[in-house]
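2 protein chains.
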Amino acid sequence: PRIRINSIVPNFKAPTTLGDIDFHEFISGSWTVLFSHPADFTPVCTTELGAFAALKPEFDARNVKLIGLSAEGVEKHKAWVKDIEDVSLEGKEFSYPIIGDESREVAFLFDMVDEEGFNNINGGLVQTIRSVFIIDPSKKVRLIMTYPASTGRNSAEVLRVIDALQLTDSKGVVTPIDWTSGKDVIIPPTVSDEDAKAKFGEFRKIKPYLRFTKV
Amino acid sequence: PRIRINSIVPNFKAPTTLGDIDFHEFISGSWTVLFSHPADFTPVCTTELGAFAALKPEFDARNVKLIGLSAEGVEKHKAWVKDIEDVSLEGKEFSYPIIGDESREVAFLFDMVDEEGFNNINGGLVQTIRSVFIIDPSKKVRLIMTYPASTGRNSAEVLRVIDALQLTDSKGVVTPIDWTSGKDVIIPPTVSDEDAKAKFGEFRKIKPYLRFTKV
Numbered sequence: 181p182r183i184r185i186n187s188i189v190p191n192f193k194a195p196t197t198l199g200d201i202d203f204h205e206f207i208s209g210s211w212t213v214l215f216s217h218p219a220d221f222t223p224v225c226t227t228e229l230g231a232f233a234a235l236k237p238e239f240d241a242r243n244v245k246l247i248g249l250s251a252e253g254v255e256k257h258k259a260w261v262k263d264i265e266d267v268s269l270e271g272k273e274f275s276y277p278i279i280g281d282e283s284r285e286v287a288f289l290f291d292m293v294d295e296e297g298f299n300n301i302n303g304g305l306v307q308t309i310r311s312v313f314i315i316d317p318s319k320k321v322r323l324i325m326t327y328p329a330s331t332g333r334n335s336a337e338v339l340r341v342i343d344a345l346q347l348t349d350s351k352g353v354v355t356p357i358d359w360t361s362g363k364d365v366i367i368p369p370t371v372s373d374e375d376a377k378a379k380f381g382e383f384r385k386i387k388p389y390l391r392f393t394k395v
Numbered sequence: 181p182r183i184r185i186n187s188i189v190p191n192f193k194a195p196t197t198l199g200d201i202d203f204h205e206f207i208s209g210s211w212t213v214l215f216s217h218p219a220d221f222t223p224v225c226t227t228e229l230g231a232f233a234a235l236k237p238e239f240d241a242r243n244v245k246l247i248g249l250s251a252e253g254v255e256k257h258k259a260w261v262k263d264i265e266d267v268s269l270e271g272k273e274f275s276y277p278i279i280g281d282e283s284r285e286v287a288f289l290f291d292m293v294d295e296e297g298f299n300n301i302n303g304g305l306v307q308t309i310r311s312v313f314i315i316d317p318s319k320k321v322r323l324i325m326t327y328p329a330s331t332g333r334n335s336a337e338v339l340r341v342i343d344a345l346q347l348t349d350s351k352g353v354v355t356p357i358d359w360t361s362g363k364d365v366i367i368p369p370t371v372s373d374e375d376a377k378a379k380f381g382e383f384r385k386i387k388p389y390l391r392f393t394k395v
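So the sequences go chain by chain: A and B. In terms of our numbering, the first sequence opens at residue 181 and continues consecutively. In terms of our numbering, the second sequence opens at residue 181 and continues consecutively.
The reader is advised that the hints may include incorrect statements.
Since the list gives no way to pick out one identical chain from another, each pair is judged satisfied if it fits inside one copy or across any two copies.
[To be verified] Calculated cross-link-like contacts (lysine-lysine; reagent style DSS-like; alpha-carbon spacing at most 25 Å): (1) 193 <-> 272; (2) 377 <-> 363; (3) 236 <-> 363; (4) 256 <-> 385; (5) 258 <-> 385; (6) 319 <-> 394; (7) 258 <-> 387; (8) 351 <-> 319.
None of these hints come from the bench; they were simulated from the model.
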């Protein structure tokens, strides 16, 4: 099944650096960021998993679980994690699981491969790309990023879109381009001016369909 | 065909607000950002297309063509563009094309739909989501973002990843997480220390595989 925005994320069982998981049980009422990297002991991946580990308190504060993945075994991940602790965490413990997807079962289920990888699907040496799936507590996929091996992701953008999605769910508002936490939000066109006044108080009406407010 | 990182982007012909195009001819040696929005005369989309229009000089400076798309006609796009000029461009002209994909042919070719949209593929009322395809001058898809209708994108992130991809192509380096233009870059592990010294001069070796330099 192809995974789209609002797809229920498929379930799978897999070994991780913190023990075996059933993915749907792992999610169990949390937001989840599932993200893949090409290979352990490679440079861009080391900076990425380190940055996400350093930001774990920010993800915890938003009720978000992190889980990494590459097409390598758990023992290799565990050896690599010591490098990440050294490079990015001042020796502190790396504390989220990394899936050991040696069979590439999860990689192909989520299509975390590039064109060459897909064409070499039975070749055994396929690396995963830099995919990000943001999954809500009801197990729906809410946002997908697909970056190539050469380009490190943006940790602030992942937190920004989680803040936006959570605000949409909790307050019934939507967010404009380049929104960050604290900036004005948009009242959806499905809400009448009268209902908007009752629900949000003051709002700025730029066009009949473009109304900004604070939440 | 499913579009992945490094897929050659499929060709199509379509009407736009600036005339009919053949997409491969449109690209013709430029970088291209193809992005979809759910609907004209809606609030988040207005802020998005306005922000990209205001940043057009930045995209021009990077040899990047912008082209929008929604599942509505060109005449409706043209009427809406006047609102964008008013809201985001101080009345200046909106100057990149928007595809009128009333048949949803391009939307389905690029899978710019969510789960409900896909299941309603013959329903006729399917809106596009907020997809971004970054395409290089050789027509390869290099990066994909897939945001829901509720969440406006991040214009700085689109420019950041274009800078990263272009630097990778021109200098043979890769970029760490959260990299922005001017920050240190990474020497790929395929380059030996000796070759790195010859090519980049000084570099910082954090791990045998993690070496930072300036370009």
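Copy assignment of residue 236 with residue 363, given that the CA separation must stay at most 25 Å: both (24 Å within a copy, 24 Å between copies)
Homo-oligomer pair classification [residue 272, residue 193; C-alpha up to 25 Å]: So residue 193 and residue 272 fail the 25 Å test inside a copy (28 Å) and across (55 Å) alike.
Within, between, both or neither, where residue 258 and residue 385 count as close if Cα-Cα is 25 Å or less: between (54 Å within a copy, 22 Å between copies)
What label fits residue 351 with residue 319 when the C-alpha limit is 25 Å: within, between, both, or neither? within (20 Å within a copy, 41 Å between copies)
Please work out whether the CA atoms of residue 258 and residue 387 approach to 25 Å or closer within one copy, between two copies, in both situations, or in neither? Between copies only: 17 Å across chains, 55 Å inside a chain, cut-off 25 Å.
Classify it for me, residue 377 with residue 363: is the Cα-Cα distance of at most 25 Å met within a copy, between copies, both or neither? within (19 Å within a copy, 46 Å between copies)
Using 25 Å as the alpha carbon limit, work out where residue 256 and residue 385 are close: within a copy, between copies, both or neither. Classified as between: cross-chain Cα gap 22 Å, same-chain 56 Å, threshold 25 Å.
Between the shortest in-copy and the shortest cross-copy C-alpha distance, which are at most 25 Å for residue 319 and residue 394: within, between, both, or neither? Result: close neither inside a copy nor across copies, 29 Å intra and 42 Å inter.
Violated hints, listed in ascending order, are 1 and 6; each of the other numbered hints is respected by the structure.
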